[in-house]
Structures are given as C-alpha cells and as structure tokens.
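K.L.:
Protein chains in written order, with our numbering: chain A, 1006 to 1111; chain B, 2 to 1001.
Keep in mind the hints are simulated off the structure, nothing from the lab.
Since the model is a prediction, treat every value here as computed from it, not as a measurement.
Be careful, since some hints might not be right.
If you want a taste of the chain B side facing chain A, the calculated C-beta under 8 angstroms gives, among others [stated by the list, open to error]:
| hint | residue |
| --- | --- |
| 1 | Met266 |
| 2 | Asp268 |
| 3 | Asp889 |
Coverage of chain A stretches by chain B, computed from C-beta distances (three or more under 8 angstroms per stretch; other residues unrestricted) [what the hints assert, rightly or not]:
| hint | stretch |
| --- | --- |
| 4 | 1029-1040 |
| 5 | 1052-1064 |
| 6 | 1068-1081 |
| 7 | 1096-1108 |
Every residue gets a Cβ at the ideal spot worked out from N, C-alpha and C, and that includes glycine.
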Amino acid sequence: MLLLTCPYCGVSADETELSPGGEAHLKRFGPGSSDEDFEGYLFMRHNQKGVHFERWRHTYGCGKWFLAARCTASLEVFGTYSAQTPEPPKEIIEKIQAKRPDWSLT
Amino acid sequence: MSHRLPQGGRLIDKTRTVSFTFNGQKMRGVAGDTLASALLAEDQMLVGRSFKYHRPRGIMASGAEEPNALVGLGRDARFEPNQRVTTTELFEGLEAQSQNHWPSLETDIGVVNNYLARFLPAGFYYKTFIHPRPFWKYVFEPIIRQSAGLGKAPKDRDADRYEHFYAHVDLLIIGGGIAGLQAALAAGKLGKRVLLIEQTAHWGGRAPVDGIELGGKSADAWIAATVAALGKMKNVTLRNRTMGAGVYDHGYALAYERVTDHAPMVDGPRHRLWRIRAARIITATGAIERPLSFAGNDIPGVMLASALRDYIVNYGVAAGKCIVIATNNDDGYRSALVAKEAGLEVAAVIDPRPAATGDLIEAARSAGIPIKQGMAIAEAQGGKRVTGVKICAQDSDGSTGEVIACDAVGMSGGWSPVVHLWSHCGGKLIWDAAQACFRPDPARPPLSHDGEGFVFAAGAADGHATAAAALASANAAVGAATGHAITTRLPKVAEAVMGDLAPIWIMPARANIQKRAKMWLDFQNDVKVSDVQLAAREGYESVEHTKRYTTLGMATDQGKLSNINGLAVLADALQAEIPAVGTTTFRPPYTPISMGAIAGEARGDIFQPLRRTPMFDWHVAQGADFEPVGQWRRPYCYPRVGEDRHAAVTREINATRGALGLLDASTLGKIIVKGPDAGRFMDMLYTNMMSTLKPGRCRYGLMCNENGFLMDDGVVARLDEDTFLVHTTTGGADHIHAHMEDWLQCEWWDFKVYTANVTERWAQVAVVGPKARKLLEKLGSDTDLSAEALPFMAWTDAKIGGFEARVFRISFSGELSFEIAVPASQGLEFWETLIEAGAEWNITPYGTEALHVMRAEKGFIMIGDETDGTVIPQDLGLDWAISKKKEDYLGKRAQARSFMDNPDRWKLVGLETLDGGVLPDGAYVIRAGRNANGQNNVQGRVTSTYYSPTLDRGIAMALIHNGPDRMGEVVNLTDGKGGQIKARICSTIFFDPEGEKQNV
Ligand SMILES: [Zn+2]
C-alpha cells in the first residue's frame, strides 16, 4: 500500500485514502482533432516500467487531485505536485536525474 | 514408539493434564503441549493421509513449516479444516479429526493411488486435459474428485468474532527469537516506537533448545530478563501468538494474532488482523530445517532432526525409543546428543560427509553414539510407522547395505533462512554457497517511498548460523534501520563451533529411479525427486514453470520445506548452478490466515455502512421490502399482509395512476454547480445546451464520458444566474461529483466554478398522480402551484403546509408529479404529513419496482438498464438531447468516430410479445444461422422487461440492430430454457404517448 504526500494538505496518505487516475500530463484532443491524435489521447499510455507521472486524488482527504512521479518497479516516489501543472516540474526532473543519470523525460 | 519422557519439557506442566479427542478417541496431554506433542506422547504417529497418493503421514516438523499433520479442529460452527497440529496449542476439550481418507485413517481405500503412482506423474493434469477429453471427464475427474483434496469446508456460519487493529510504528520487528529480542532492546533504548511480534506462544526461538549460553546464563534466563526489560519500555509493544503475515508497499505490513485459539473459553475475538504502517521493518524470522531426500523419507516417524529435538527439550516427548539421525551438517548432532541425554538409544548418526570434525561431532563420539561417516540412508523401511533404515555409502546406488532397526529418524539437510517477508515486496536474494541457502541481499532491499530500503534482516533469517553472529546482526540491523550508532551491549555467547555442511540433496548419490520415485520433496503435494527430474527432461527449465507443472511448493505450506531441495534437484537435472535456476516468488501470507481475520468485524449488519433516507424508519415500520441501490437501502415495494411482491407492485402502480402515489426520492443525487463559469462548465458536462436554461426552469440532460458513452442522466434546475442544481441517478451521485471535480481541477482549472454534493442535505418526495395538486392545495401553499404558474419542467420555492420547500414539476412516471425537496431534518415529518393528508385519495407509497415499471411504460430510459457503458445516446433515440450548436462537450469527439457516427447499430425500440407474456430479463434477439462456436447469431437484446399493470401485458425495451427502421416486424427471442418467444417491434412509449396526463 503506497504512501503519497498530498501537496495540498501535506498529509502523507495511505493508498486507501487516494484514488488513482492513470497517466498524467495528457493533452486533450477534442472535436476537430485527427483520429490519430484522439486515439493517442484516449487510449495510448506509456505503461512505463520505471519513472511514471501519474494522477491521484486525495479522495478521502481534501478531495484535491495531484500528480506524482513514481517508479513503478521500485515504488520510489520522487515527488508530488499540483494537478494544475502542464508538465513535470524542473525540480522533480532534477531529483530523478540525480538518482538515475540515464533517465530523461521522453 | 513415540512417548512421554519421565523428565524434561521446558514448556509443559506435567501436573496439569488436558483431555482432548483425536478422531473421537479420548487422549490426554499436559498443559503447555501442542496438539503435535500431545499426539506423539500418545504414540499417535499416523495423523493423516497425503494429498495425491493417500500415503500414511506423521508429524514432520515442530512449527509453522509442518506439511503433513493437518487436521480439522472443532465442530459445527467452530469447525476449521487444515490446521497444523504443530501450531495448535492444546486446550481442554479440543476435538481434532484427521483428513483426506476414507473410510478411516487406518484403512484408506484411496491408498490405491499409491500403486497407481506411475500413472500420476509430473504434469499429470496438463497431460490429461490435453488428451482425449472424454477420458478426463469420465475416468480421471471422478477418481480425482473423490480422492484428492485436504480438509472439508465448514458448513455452518462461523460462530466466532474477529477484528482488525491498526498500528503505526517506527520499527516493526518480526520474530521474537534472540535476534528479534536484541533488536527490540536496541531500538527500544533509542526511544523508537517498536512493535515486536512472535508467531508462537514463547519468546526466544531456538536458542534454549540448542543449549546456548548467553551472558553466562542459560538462554532461558537471558530471554526472560530481556522480555522483562522490554516490558518496562513504554515505547515497545510485545505480542506473541502474532505472525508477520505479509510485507507490502512502503512499509505496510499485516500481522495475524491468534488471540483465543489456545483458550476458546476466554472471551474476546478469536483472531485479530494487525494492519501496520511501519517506517522500517526488521525480519528476524529465523530459519527452517530442510529434509533430506532418501527413499521413504515420508514414513511416519521420519521427521526433521530439529523437530525431534524440540519435542524432547520443549515437551518431554520422544519421537521413538531408538533413534537414527541422518545429517549433512553439524547441527544434526545436537539432536543425537539431546536424544542420548534423554535416555534414548541413538542407533547411529549417518553423515554423508566422509571426514567431518567439530565440537558437536566429538561430543557425540564421546557420548558413545555410533557415527557412520560417508554413509547415507538407502531407504527408510516401514508402512504406517518407520521400522528401520537400510544404510549404504553415499557414493553408491544403495542397492546393498545393512539395516539398522529404529522407530524414529531425524533428518537434517541444513537450514534455509526464512526470507519470505524480506521477499514479499521485492527484496532480492543472494546464494550462500557455504551454507547452501538463499539469504537476503542487503544491497537490494525493498524500497520505501523515500527510495531507501525499508526491510532489514537479522539473525538466522539473515543467514547467521551462530547465536553470536545472529545477535550482532540484530544490532547492525537496528543501526541500519534507524541511522543511529547502537551501543546496546551484546551478551557473551557460549556455543559449539561448527563446520561446513555438505550440499547433499539426494541419498545415496546414484539412487535408481525406484528409489527416486519414493524420495519426497513436497510432502503436502506429493511431489518427488523423480517428478522434478521428469519435468526437467520434458523441457521445463524455468523454476516457475516447473513449480506449476509438478505442483512443487504450491500447497498450503508454500514449499517451506521443499523449496531449496526442489531447486537443487532441478538444477542438478539441468546441470546448472542453483543460483542460475533461481527461486520462485514468495507471496503473502507467510502461513494461511483465517478468512474471519480478513473480514474482521465486517459481517452481518455491519458488513458495510448503509445509507438511509430521513424516512427510512417509516418504511421499516410499514414492512417495506428493501433492495440495495449502491449503499442505500430503498423500498422495493410495500407489501401488505397476504400480498406477494408482484401483487404489491401492481397495487402501487394502479393506485398512483388512478389517484395518488408517494415516492421517497431522497436518494437522488443532488450536486450544486456554482460560479460565473457554471453555464460554460455545464455545457461541457452535458450533451445538450444547459447555459441557455432560465432560472426557475428545469431541463433533462445527458452526461457522457470522454469515450462518448452515456454515463448518467437527470434533470437540471437553474437556481439563479450562477447556480445550477444537478440531479443525478441514485448510484451516480458520488462518481458524477468526482467526474466534475476531475475536469475542473485537472483540465479546466481556469473555470470559476465550485461544486458541492448536497445529496443528503435534502429529503425529496415525489407526489405523483391525478390528485397530486389537490393534495398540495389541501396542505396549503404560499405559492401558486397551478399549471399556469408552475408549468411542467418549472420549479419554485414554496412554503407547503408550513414546510420550507423547493417544488419541481418533473415526472418520471408520466403522471402529474411534483418532486418536493425539504431540509433532510424535516423529511420524515413532511412525509407523514403528506400520508395523513392524502388518506382521502388513498395515497399509496410506492417503491423502486413501481417506479421502474411506470418509467418503462412511458419509454423512459434507466441508466444501468438501457446503458451498460457501451451505449451512446444516439442508440437510445436521444438525438434530440444532443446539441448540434455546441463546439465541444465531453464525448462529442468520440461520438464522431466512424463506428459511432453510423446508423448501423443496435438501437432502442419497444417489444410486445405476441401472446402478451413477459420476456425474460436479458433475452437475446436471435438472427438466422449460428456463429463459429455453434451458438445462435444475435441481433439485439432486451434491456428492460416488465409486466405492465396499466396495460395488463408484458412490455419490454430492447436494443435491436437498426431497430427503429423495423417497426411492426416480428422477431424471435431466447426464452432462457432452450426455446424461443415471438415479439413485435414497437414504439418504446407504451402509455399516454401524447403526455396528456403529466401536462395538467
Ligand atoms: Zn490532501
């Protein structure tokens, strides 16, 4: 059972307090978009073994959605940050690269 | 024969006898016994039959690793199968039954399997599933169903109580042997919150049995002093009879406390499941002795050498009068010495090592014990108990040799650290060639959220064979876990110096196939050396595949004894090194835990929290027949005396359509959407235009997900320019609110909108029927509720009969209908007021079934009936509720995909049977021909079907291929019994198609 810190209320929350929301930083494609873009937005996921940016909601806490950077294999959490962030924050990327020099944001 | 010794037994009190029964036979043990020691004291060496071959089996071990000696305990509502006698503490009146035999333990006809053994080789199930199917169905399956399996499932409802505990600690220490105690002492002195758990009833583990001295005292004395010291520390909690069951992500752990198993007469829960959040975990879980593989190593009387020693030292029970020990390591000699000191005859120690020396070997020699070096057991002899061993040179095929008579054999193949809990969450292992075991690799622990290892192994679980090393590793583990320098002193240890073991896996080395087919690896699943070798010959190279093919390690003991031996045999057959073959995955729980403990208190009335409307008690008092709707309980109908459900529903509908009905609609989801951008947000949520709705008016709307599928529907009321009240389905309130928040927080965070789920803030009552307005007029209203002032799909605030209310002119029944919301606290009083005032019109409360039937008569869809997550609004003929003007809404892009923007789909129509009967739920509309699987082709399915009291015949809705273009066509439907029913495609609106009744 994972432990994630909600960036809004600061609580280190058990997974049972949270709801998962899948991959983060998806760009929405709406009416007028190509079939390919829409398919990518709706269905195509990295399904990463390794560093993964993902959405969580502090459902049984403050109710806020937030984002987390986590390794899906070792379960290490590199950080959590506001859902109103269009791309992974610089300090999180630096933290990951400090621990995993070979890793880069693709 | 096994028997109680005149002296000894550090855990028992011989002055207190304890009576119990085994297979109905009265037996006596003493206080402190386990069921295993008590059975052995009564010379009950045969305790069960094996899983596949029904071979006679006795007690193999003295702890949780026991594979054979499983029994059913208790009776009726307290019966539990598959309990290990070695971990069952004896109590007065205990009742045990042996398992897996028929008709009796002594005479078991299933034992024929034994002679059919060569027909049940490795991969038997796979091979028989593939080969002629009738053979499986008519020959093998009946035989196997009759003979295989362990205990029987209990028949009665469990009479005991179970509970969950939650604990948050800095350090969880699993295992209360000397390493665990030392670790707790060191961590306790640092001021850490420590929880130390031990699966048995006793602290100290094996040290007292092994005759070790700690700090110049007996191990028992050091243990007692240490437990006392820990007991004085407020930051340290000690729990015995509590097993570390599993280690999970980020320091979560489960422990299983057997609170009253040993004393069922004591009040309290039987088991307790501890849900622990630990910053760091130390596994001091000890080690388990391995058997040796020689022919007949499963005959009752053959047991682990350490178990033989445990029974003598702990319980004053000898497994036999004349003992043979077979060991590939020095520790086995301890058992020989203990047996000798207890006054038993030790016929021989058989050691395959040609020239081993060491303290214990010398001690055995001085004690006059015959030592046979370089030798092996060629076979153990005997049937229901061992009678002797034939010995031979280890480096031989075992065909010749002398027989040594004996009635018990202790075997030791070395020790395997208990790495299960280290491994549960991904801790990796390294191969220790000197001790021939896997041990935790401290460089690759399971990681916590902070990226640091959170599990640390200590003691024998970390691969330390001596007490001195085990204690030192405990301090080291606490240091590593806490980042503190440890100053807690280690006791001075006096213990024997031991040499290396020989990695001997098969005795003798060149045993032939007949012998290898009688060398058991997995005693519980009846897997032999020959099975693993066959699997290797048949191409199984992966240990995980071999495990499943042979079922090695797949029994309830999860291969605690068989794991390394099986790997070694597989590696040998593949001519590979053991570490190259690898090990199988360890999974929680460490030993089986009860279903009751998992459920805890969540059973019966408190299985889950229930949601009740303010009128719930009134419904109960009226004898309502409830049904679950999400976590709500709603009246399905209100049957009167002598009425069945069908009659009640019919009466409720007729009364409502005829005069006046009343529905508790409080469960309807109510969400406030408020803010300057509320209209813009509502337009994105709904397929139709909501921003143009005028305050004071209502509009029915559809919500789709981004994939285009219909997810919820309901009536929206605009309260003011900035505020909408969204009604959702009863089951939809929470997830629709979550859906709104997801889009607001994660996509449109620039929208100035708040949402609030106010479902339980309001009690809501639907006043339905031709007399509805008359009832409200009788109660008196400060607001004009006439058709002109409050037309259909309008709402108003009003004071009705003294109640502050909000009145909506909406209808889900096709009748004149007012849905009236009052503050939840006044819901019951308002309801009772309506009931009383409506008496003159025979006001009739109706339940969910009448609601469903009336909506179906009108062709209104129901989320979850007409929709199933693959249905789009266009399928339901709801195109009118989809805005063409809006640039965007959730689901719009998806609905433009070729297969959705396409008339060639199953679409909603009505169905009326030709004979007026009611179609079965879920019936398929059949198309000519059959598919590749020989099933009927289908062209549609029934989504709702009811008996309509209004029309006095069956009505149904169905999704049918191109349905709306096929009005009047007769189609065939499955009747669910192999036959077919004919029905005609018709409009979905069966009643009052012009809506004359609701617009008055
Ligand atoms: Zn929070």
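K.L.:
Taking the numbered hints from earlier one at a time, note which ones the structure violates and give those numbers from smallest to largest.
P.N.:
Numbers 1, 2, 7 - these are the hints that the structure violates, sorted from lowest upward.
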